[in-house]
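Asks: The primary structure of each chain is shown beneath.
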Amino acid sequence: KQEVTQIPAALSVPEGENLVLNCSFTDSAIYNLQWFRQDPGKGLTSLLLIQSSQREQTSGRLNASLDKSSGRSTLYIAASQPGDSATYLCAVFGVVFGNEKLTFGTGTRLTIIP
Amino acid sequence: DTEVTQTPKHLVMGMTNKKSLKCEQHMGHRAMYWYKQKAKKPPELMFVYSYEKLSINESVPSRFSPECPNSSLLNLHLHALQPEDSALYLCASSPGPFGEWNTEAFFGQGTRLTVV
Numbered sequence: 001k002q003e004v005t006q007i008p009a010a011l012s013v014p015e016g017e018n019l020v021l022n023c024s025f026t027d028s029a030i031y032n033l034q035w036f037r038q039d040p041g042k043g044l045t046s047l048l049l050i051q052s053s054q055r056e057q058t059s060g061r062l063n064a065s066l067d068k069s070s071g072r073s074t075l076y077i078a079a080s081q082p083g084d085s086a087t088y089l090c091a092v093f094g095v096v097f098g099n100e101k102l103t104f105g106t107g108t109r110l111t112i113i114p
Numbered sequence: 115d116t117e118v119t120q121t122p123k124h125l126v127m128g129m130t131n132k133k134s135l136k137c138e139q140h141m142g143h144r145a146m147y148w149y150k151q152k153a154k155k156p157p158e159l160m161f162v163y164s165y166e167k168l169s170i171n172e173s174v175p176s177r178f179s180p181e182c183p184n185s186s187l188l189n190l191h192l193h194a195l196q197p198e199d200s201a202l203y204l205c206a207s208s209p210g211p212f213g214e215w216n217t218e219a220f221f222g223q224g225t226r227l228t229v230v
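Respectively, the protein sequence lines represent chains A and B.
For the first sequence, the tail end lands on 114 under my numbering, and the numbers increase by one without skipping.
For the second sequence, the tail end lands on 230 under my numbering, and the numbers increase by one without skipping.
Worth double-checking, as some hints may not be accurate.
[Stated by the list, open to error] Which residues of chain A face chain B? A partial, calculated answer using Cβ under 10 angstroms:
{"no.": "1", "residue": "36"}
{"no.": "2", "residue": "51"}
{"no.": "3", "residue": "70"}
[Said to hold, decoys possible] Simulated pairs of lysine-lysine, DSS-like, Cα-Cα distance not exceeding 25 angstroms:
{"no.": "4", "chain 1": "A", "residue 1": "42", "chain 2": "B", "residue 2": "167"}
{"no.": "5", "chain 1": "B", "residue 1": "132", "chain 2": "A", "residue 2": "101"}
{"no.": "6", "chain 1": "A", "residue 1": "101", "chain 2": "B", "residue 2": "154"}
{"no.": "7", "chain 1": "B", "residue 1": "133", "chain 2": "B", "residue 2": "150"}
{"no.": "8", "chain 1": "B", "residue 1": "136", "chain 2": "B", "residue 2": "154"}
{"no.": "9", "chain 1": "B", "residue 1": "167", "chain 2": "B", "residue 2": "150"}
{"no.": "10", "chain 1": "A", "residue 1": "101", "chain 2": "B", "residue 2": "136"}
{"no.": "11", "chain 1": "A", "residue 1": "101", "chain 2": "A", "residue 2": "68"}
{"no.": "12", "chain 1": "B", "residue 1": "154", "chain 2": "B", "residue 2": "167"}
{"no.": "13", "chain 1": "B", "residue 1": "154", "chain 2": "B", "residue 2": "123"}
{"no.": "14", "chain 1": "B", "residue 1": "136", "chain 2": "A", "residue 2": "68"}
{"no.": "15", "chain 1": "B", "residue 1": "123", "chain 2": "B", "residue 2": "155"}
{"no.": "16", "chain 1": "A", "residue 1": "68", "chain 2": "B", "residue 2": "167"}
{"no.": "17", "chain 1": "B", "residue 1": "152", "chain 2": "A", "residue 2": "101"}
{"no.": "18", "chain 1": "B", "residue 1": "167", "chain 2": "A", "residue 2": "1"}
{"no.": "19", "chain 1": "A", "residue 1": "1", "chain 2": "B", "residue 2": "132"}
{"no.": "20", "chain 1": "B", "residue 1": "123", "chain 2": "B", "residue 2": "136"}
{"no.": "21", "chain 1": "B", "residue 1": "154", "chain 2": "A", "residue 2": "42"}
{"no.": "22", "chain 1": "B", "residue 1": "155", "chain 2": "A", "residue 2": "42"}
{"no.": "23", "chain 1": "B", "residue 1": "133", "chain 2": "B", "residue 2": "152"}
{"no.": "24", "chain 1": "B", "residue 1": "152", "chain 2": "B", "residue 2": "136"}
{"no.": "25", "chain 1": "A", "residue 1": "42", "chain 2": "A", "residue 2": "101"}
{"no.": "26", "chain 1": "B", "residue 1": "152", "chain 2": "A", "residue 2": "1"}
{"no.": "27", "chain 1": "B", "residue 1": "136", "chain 2": "B", "residue 2": "150"}
{"no.": "28", "chain 1": "B", "residue 1": "123", "chain 2": "B", "residue 2": "133"}
{"no.": "29", "chain 1": "B", "residue 1": "133", "chain 2": "A", "residue 2": "42"}
{"no.": "30", "chain 1": "A", "residue 1": "68", "chain 2": "B", "residue 2": "152"}
{"no.": "31", "chain 1": "B", "residue 1": "136", "chain 2": "A", "residue 2": "42"}
{"no.": "32", "chain 1": "B", "residue 1": "136", "chain 2": "B", "residue 2": "155"}
{"no.": "33", "chain 1": "B", "residue 1": "123", "chain 2": "B", "residue 2": "152"}
{"no.": "34", "chain 1": "A", "residue 1": "1", "chain 2": "B", "residue 2": "155"}
{"no.": "35", "chain 1": "A", "residue 1": "101", "chain 2": "B", "residue 2": "155"}
{"no.": "36", "chain 1": "B", "residue 1": "150", "chain 2": "A", "residue 2": "1"}
Treat the hints as calculated values from the structure; they're not laboratory data.
C-beta atoms are modelled at their ideal positions from N, C-alpha and C, and glycine is treated no differently.
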């Protein structure tokens with residue numbers, strides 16, 4: 001069974017700092033890994049998608065890496081802003097008992113202090 | 115258009131009511147999903163329709179019933195729900211067929227369901 005863990009569960013940093021969110025998964029047989037952002041009570045916004053054959057993806061101030069063999073991904077946020085405050089979820093897409101499935105991590109609640 | 119549209123945004127229903135949640139996408143995706151998310155928890159998969167074939171998370175009670183009228187629409191029929199079913203219900207879609215280059219998931223904004 002695929003298990004996805006995110007550390008830390010919560011993080012508060014001053015505005016302007018760079019930060020790293022971590023995601024680990026137990027089954028390396030994945031198609032891809034996706035990072036999402038979720039604001040309170042809202043749906044999920046896709047931030048970055050890394051295919052299983054890729055090691056890195058960048059979008060603006062965000063950079064995500066993937067090390068499939070060790071079951072790890074990181075999301076790097078540069079020059080953090082108060083608008084970055086949200087919950088960040090990583091999710092891996094793979095086959096679980098013959099069914100294709102997107103499995104979510106436990107989430108990191110990020111607060112950027114102005 | 116990369117939108118997944120869910121209606122309604124909010125729903126309050128009694129335990130004896132029957133209601134339906136709706137989800138629509140026009141991206142030509144062939145896989146659609148229902149997820150349930152409780153407060154401060156990650157989304158949990160309930161159902162997957164892939165090329166109109168249904169896969170079920172066997173822990174989901176039968177008072178939830180999915181329907182896929184066509185490849186663009188996905189409904190979730192609700193009947194005799196319990197207060198613990200109150201949650202955010204999220205719909206998602208991905209291109210399919212499943213493989214490395216076809217599994218980016220797009221989510222709707224969710225339906226906030228309250229069962230009273």
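Asks: Are the hints correct? Go through all of them and say.
Replies: Here is what the structure says about each hint:
A hinted interface residue such as residue 36 (chain A) counts as satisfied when its beta carbon comes closer than 10 angstroms to some beta carbon of chain B; here the least separation is about 7 angstroms, so the hint holds. Taken as an interface hint, residue 51 (chain A) checks out: its beta carbon lies about 5 angstroms from the nearest beta carbon of chain B, inside 10 angstroms. The beta carbon of residue 70 (chain A) is not positioned within 10 angstroms of any beta carbon in chain B (closest approach about 19 angstroms), and the interface hint is therefore violated. For the proposed pair residue 42 (chain A) and residue 167 (chain B), the alpha carbon gap of about 28 angstroms is over 25 angstroms, so the pair is violated.
For the hint pairing residue 132 (chain B) with residue 101 (chain A), the CA-to-CA distance comes to about 28 angstroms; that exceeds 25 angstroms, so the pair is violated. With a C-alpha separation of about 21 angstroms, the suggested pair residue 101 (chain A) and residue 154 (chain B) falls inside the 25 angstroms cut-off, and the hint holds. Only pairs whose Cα atoms come within 25 angstroms are accepted, and residue 133 (chain B) paired with residue 150 (chain B) is accepted, the gap being roughly 16 angstroms. At most 25 angstroms may separate the alpha-carbon atoms for a hinted pair to count; residue 136 (chain B) and residue 154 (chain B) meet this at roughly 24 angstroms.
For a cut-off of 25 angstroms, the pair hint linking residue 167 (chain B) to residue 150 (chain B) stands: about 20 angstroms separates their Cα positions. Restraint check: the Cα-Cα separation between residue 101 (chain A) and residue 136 (chain B) comes to about 21 angstroms, which is no more than 25 angstroms; the hinted pair holds. Of the supplied pair hints, the one linking residue 101 (chain A) and residue 68 (chain A) holds, its CA atoms being roughly 17 angstroms apart against a limit of 25 angstroms. Between the alpha carbons of residue 154 (chain B) and residue 167 (chain B) the distance comes to roughly 31 angstroms, so the proposed pair goes past 25 angstroms and is violated.
With a CA separation close to 19 angstroms, the supplied pair residue 154 (chain B) and residue 123 (chain B) stays within the 25 angstroms bound. Distance check on the hinted pair: residue 136 (chain B) and residue 68 (chain A) sit about 36 angstroms apart at the alpha-carbon level, beyond 25 angstroms; violated. Our distance criterion of 25 angstroms between C-alpha atoms is met by residue 123 (chain B) and residue 155 (chain B), whose separation comes to about 19 angstroms. About 30 angstroms separates the Cα atoms of residue 68 (chain A) and residue 167 (chain B), which puts this hinted pair outside 25 angstroms; it is violated.
Distance hint between residue 152 (chain B) and residue 101 (chain A) is fulfilled; the C-alpha atoms sit about 19 angstroms from each other, no more than 25 angstroms. Distance hint between residue 167 (chain B) and residue 1 (chain A) is fulfilled; the C-alpha atoms sit about 22 angstroms from each other, no more than 25 angstroms. For a cut-off of 25 angstroms, the pair hint linking residue 1 (chain A) to residue 132 (chain B) is broken: about 34 angstroms separates their Cα positions. Note on residue 123 (chain B) and residue 136 (chain B): the hinted pairing holds, with a Cα-Cα distance of about 10 angstroms set against a maximum of 25 angstroms.
The suggested pairing of residue 154 (chain B) with residue 42 (chain A) holds, with an alpha-carbon distance near 12 angstroms, which does not exceed 25 angstroms. Between residue 155 (chain B) and residue 42 (chain A), the direct Cα distance comes to roughly 13 angstroms. Compliance with the 25 angstroms bound is thereby established for this hinted pair. Straight-line distance between C-alpha atoms of residue 133 (chain B) and residue 152 (chain B) comes to about 19 angstroms, which keeps the hinted pair within the 25 angstroms bound. Distance restraint check for residue 152 (chain B) and residue 136 (chain B): the Cα-Cα separation of roughly 19 angstroms lies within the 25 angstroms cut-off, and the hinted pair is therefore satisfied.
With a C-alpha separation of about 22 angstroms, the suggested pair residue 42 (chain A) and residue 101 (chain A) falls inside the 25 angstroms cut-off, and the hint holds. Under the criterion of a C-alpha separation no larger than 25 angstroms, the hint pairing residue 152 (chain B) with residue 1 (chain A) is consistent with the structure, at around 21 angstroms. Restraint check for residue 136 (chain B) and residue 150 (chain B): satisfied, since their Cα atoms lie roughly 14 angstroms apart, inside the 25 angstroms limit. A threshold of 25 angstroms between alpha carbons decides the hint, and for residue 123 (chain B) with residue 133 (chain B) the separation of about 13 angstroms falls inside it, so the pair holds.
With a CA separation close to 21 angstroms, the supplied pair residue 133 (chain B) and residue 42 (chain A) stays within the 25 angstroms bound. A C-alpha spacing of about 29 angstroms is found between residue 68 (chain A) and residue 152 (chain B), which places the hinted pair above 25 angstroms, so the restraint is violated. For the hint pairing residue 136 (chain B) with residue 42 (chain A), the CA-to-CA distance comes to about 17 angstroms; that is within 25 angstroms, so the pair holds. With a CA separation close to 23 angstroms, the supplied pair residue 136 (chain B) and residue 155 (chain B) stays within the 25 angstroms bound.
With a CA separation close to 16 angstroms, the supplied pair residue 123 (chain B) and residue 152 (chain B) stays within the 25 angstroms bound. A C-alpha spacing of about 18 angstroms is found between residue 1 (chain A) and residue 155 (chain B), which places the hinted pair at or below 25 angstroms, so the restraint holds. Note on residue 101 (chain A) and residue 155 (chain B): the hinted pairing holds, with a Cα-Cα distance of about 18 angstroms set against a maximum of 25 angstroms. Of the supplied pair hints, the one linking residue 150 (chain B) and residue 1 (chain A) holds, its CA atoms being roughly 19 angstroms apart against a limit of 25 angstroms.
Checked against the numbered hints above, the structure breaks hints 3, 4, 5, 12, 14, 16, 19 and 30 and satisfies the rest.
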